[in-house]
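2 protein chains.
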Amino acid sequence: MGVIGLDVGGTKTAGILWSDGKVAARVRRDTDASSTETVLEVIFSACRQLMEMAPSKGIAVEAIGLGIAGFIDLEEGVITEAPNLPFHNLPIKKLLEGEFSLPIAVDNDANVAALAEARIGAARGMRNVIHLTLGTGIGGGILIDGMIYHGARGAAAELGHMIIRADGPRCNCGARGCLEALASGVALARKVHELAESGVSSPMLEEYKKSPGSFPASRIAEHARRGDGVAKSLLEEAGHYLGVGIASLVNIFNPEAVTLSGGLLGAFSFLEGPMRSAVEENAIALSRRCARILLGTLGEDAGCLGAALLAESYTGPKR
Amino acid sequence: MGVIGLDVGGTKTAGILWSDGKVAARVRRDTDASSTETVLEVIFSACRQLMEMAPSKGIAVEAIGLGIAGFIDLEEGVITEAPNLPFHNLPIKKLLEGEFSLPIAVDNDANVAALAEARIGAARGMRNVIHLTLGTGIGGGILIDGMIYHGARGAAAELGHMIIRADGPRCNCGARGCLEALASGVALARKVHELAESGVSSPMLEEYKKSPGSFPASRIAEHARRGDGVAKSLLEEAGHYLGVGIASLVNIFNPEAVTLSGGLLGAFSFLEGPMRSAVEENAIALSRRCARILLGTLGEDAGCLGAALLAESYTGPKR
Numbered sequence: 427m428g429v430i431g432l433d434v435g436g437t438k439t440a441g442i443l444w445s446d447g448k449v450a451a452r453v454r455r456d457t458d459a460s461s462t463e464t465v466l467e468v469i470f471s472a473c474r475q476l477m478e479m480a481p482s483k484g485i486a487v488e489a490i491g492l493g494i495a496g497f498i499d500l501e502e503g504v505i506t507e508a509p510n511l512p513f514h515n516l517p518i519k520k521l522l523e524g525e526f527s528l529p530i531a532v533d534n535d536a537n538v539a540a541l542a543e544a545r546i547g548a549a550r551g552m553r554n555v556i557h558l559t560l561g562t563g564i565g566g567g568i569l570i571d572g573m574i575y576h577g578a579r580g581a582a583a584e585l586g587h588m589i590i591r592a593d594g595p596r597c598n599c600g601a602r603g604c605l606e607a608l609a610s611g612v613a614l615a616r617k618v619h620e621l622a623e624s625g626v627s628s629p630m631l632e633e634y635k636k637s638p639g640s641f642p643a644s645r646i647a648e649h650a651r652r653g654d655g656v657a658k659s660l661l662e663e664a665g666h667y668l669g670v671g672i673a674s675l676v677n678i679f680n681p682e683a684v685t686l687s688g689g690l691l692g693a694f695s696f697l698e699g700p701m702r703s704a705v706e707e708n709a710i711a712l713s714r715r716c717a718r719i720l721l722g723t724l725g726e727d728a729g730c731l732g733a734a735l736l737a738e739s740y741t742g743p744k745r
Numbered sequence: 427m428g429v430i431g432l433d434v435g436g437t438k439t440a441g442i443l444w445s446d447g448k449v450a451a452r453v454r455r456d457t458d459a460s461s462t463e464t465v466l467e468v469i470f471s472a473c474r475q476l477m478e479m480a481p482s483k484g485i486a487v488e489a490i491g492l493g494i495a496g497f498i499d500l501e502e503g504v505i506t507e508a509p510n511l512p513f514h515n516l517p518i519k520k521l522l523e524g525e526f527s528l529p530i531a532v533d534n535d536a537n538v539a540a541l542a543e544a545r546i547g548a549a550r551g552m553r554n555v556i557h558l559t560l561g562t563g564i565g566g567g568i569l570i571d572g573m574i575y576h577g578a579r580g581a582a583a584e585l586g587h588m589i590i591r592a593d594g595p596r597c598n599c600g601a602r603g604c605l606e607a608l609a610s611g612v613a614l615a616r617k618v619h620e621l622a623e624s625g626v627s628s629p630m631l632e633e634y635k636k637s638p639g640s641f642p643a644s645r646i647a648e649h650a651r652r653g654d655g656v657a658k659s660l661l662e663e664a665g666h667y668l669g670v671g672i673a674s675l676v677n678i679f680n681p682e683a684v685t686l687s688g689g690l691l692g693a694f695s696f697l698e699g700p701m702r703s704a705v706e707e708n709a710i711a712l713s714r715r716c717a718r719i720l721l722g723t724l725g726e727d728a729g730c731l732g733a734a735l736l737a738e739s740y741t742g743p744k745r
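Heads up: the sequence lines are chains A and B, in that order. Taking the working numbering, the leading residue of the first sequence gets 427, the next gets one more, and so forth. Taking the working numbering, the leading residue of the second sequence gets 427, the next gets one more, and so forth.
Calculated directly from the structure, the hints in this document are not laboratory data. Values in this document were obtained by computation on a predicted structure and should not be read as measured data. Worth double-checking, as some hints may not be accurate.
[To be verified] The calculated label-pair distances, taken between Cβ atoms and stated as ranges, are:
hint: 1; chain 1: B; residue 1: Ser640; chain 2: A; residue 2: Ser644; range: 38 to 48 Å
hint: 2; chain 1: A; residue 1: Asp571; chain 2: B; residue 2: Arg715; range: 49 to 59 Å
hint: 3; chain 1: B; residue 1: Gly436; chain 2: A; residue 2: Pro529; range: 50 to 60 Å
hint: 4; chain 1: B; residue 1: Thr723; chain 2: A; residue 2: Gln475; range: 26 to 36 Å
hint: 5; chain 1: B; residue 1: Lys483; chain 2: A; residue 2: Leu721; range: 55 to 65 Å
hint: 6; chain 1: B; residue 1: Gly725; chain 2: A; residue 2: Thr462; range: 15 to 25 Å
hint: 7; chain 1: A; residue 1: Ser644; chain 2: B; residue 2: Pro517; range: 48 to 58 Å
hint: 8; chain 1: B; residue 1: Arg553; chain 2: A; residue 2: Ser644; range: 37 to 47 Å
hint: 9; chain 1: A; residue 1: Tyr740; chain 2: B; residue 2: Gly436; range: 43 to 53 Å
hint: 10; chain 1: B; residue 1: Gly436; chain 2: A; residue 2: Ser624; range: 47 to 57 Å
hint: 11; chain 1: B; residue 1: Gly600; chain 2: A; residue 2: Ser471; range: 54 to 64 Å
hint: 12; chain 1: B; residue 1: Glu707; chain 2: A; residue 2: Lys520; range: 33 to 43 Å
hint: 13; chain 1: A; residue 1: Asp593; chain 2: B; residue 2: Ala711; range: 15 to 25 Å
Don't be surprised by glycine CBs; every beta carbon is placed ideally from N, CA and C.
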């Protein structure tokens, strides 16, 4: 007995065969996001491949779980919108049920990552957990009493779009001063651009000016490590705002833990100090004292592990 | 069969006898907050009086519910801290059980007000509801799937202490830019003081200068109604920040409703426009479209009604 867990992102799709608390097999594909059909074909073929691998491992697949970077109408199993995938009101659940004749569980990718970290990762055994994925954007997941919190229409936990500086920079979502506009990869890239334009100079900014179009956010941490003061202060500022956002979440949720994952954690040594200071200064003592801030332990697997755990819950309670 | 619901505040204590979905009797006392003992005596005597009134109405009291302005350790039934009451680690549940030999339910006053508005008030029948009490400070309650959300240690829903302007004014809690520091009675009073000090003039500010110590926040709305431009713009600014806070809550919780109550709503005609514009500008469309912003319908009764509903849930599911 086992399940399939799939993490469908804008650039890659990862899948696992999950049985008896272990990963029994893996697949990984580039997501061809040129059309709805090409993405669906990636999803279908990844599932088929894992189904075919199952019998030789003595596993009967009982359900399929999907984590998808998008808004999901949970009642209908429909992907209503997806910023980086060509999906619009796609009845994904019905399509997969038709193809595989198995129970299908679908949820947002940050939600399932939160579930995985709280069940088998950094916050194992904790019941009220807030999860932030810090990457190009900032995603969020809310675990309440051990279950994913979805809100009225499945759109909850847009934690990157908490407003923490009402007069702050414009976010991609249209609002001003969202956490994502102050402490994400996109926010850092915008600041690098602004500083370079304003005539400030540093080794990092010189490198940026040579090829502004292909300067990855990961280079900021690299320059900070080499002593670039501009790079360091950018990361420290992002860490401060991250801490302000975490303080708000601690005051709102009184969680047992806030778990962090995502590419931006490559710069965590620069983010951490200002982040912890901001939490200390801004969160109410009672809640602050019981909220641990933890780095996720599941890395890139969090998505497909969470999708698998979700699928498992469709085949009866396992834990 | 019936229950007692008590709302214990820093200045007054209100109680009801609640039976069959109706208020059968009421008591109201000034809270003598000079010591733990004097407050307890107010609570005990209010309960006793309601107990004595019950038989003549054919009601047998089965449980007592309390809403208290403070932090409650729910597992132990202990009031750990209370800003406006002389309680510190007070085992209120045990004390009341000892006195009345009945099941005792205790919770934070804003939490029970949220419960009341969601069960029998403005958001009747809705399952995911956020409640804000806008008064001297800003309190909050979170209803998730129809139940009060408490967090890990009962300290959740400090929604007045969401940080919405990271560089903003200092809040009483020590943080900067909390919603409470920007859109509460205290925030308005601070702004009036600052403007008077800075030499700005208006009929409202002249009145303030005559007796700064006894200028109630309710006068601001009165002056705005009479056309005082300074008063009007202060309220509009508070309304804007209230809307920013609500937008954040909408993005975080995707609730069916945000309910509002409290004394500041006396100025709602000035707050409402900027509040709704800020929600429109800052909340994600999907969540914004399903979140209704509603004025509470239970008024000052919300607290004792919520406490009664909580007590009722101790005597078996009634709804």
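Going through the numbered hints above, which ones does this structure break? Give me the numbers in ascending order.
The structure breaks hints 1, 2, 4, 6; every other hint is satisfied.
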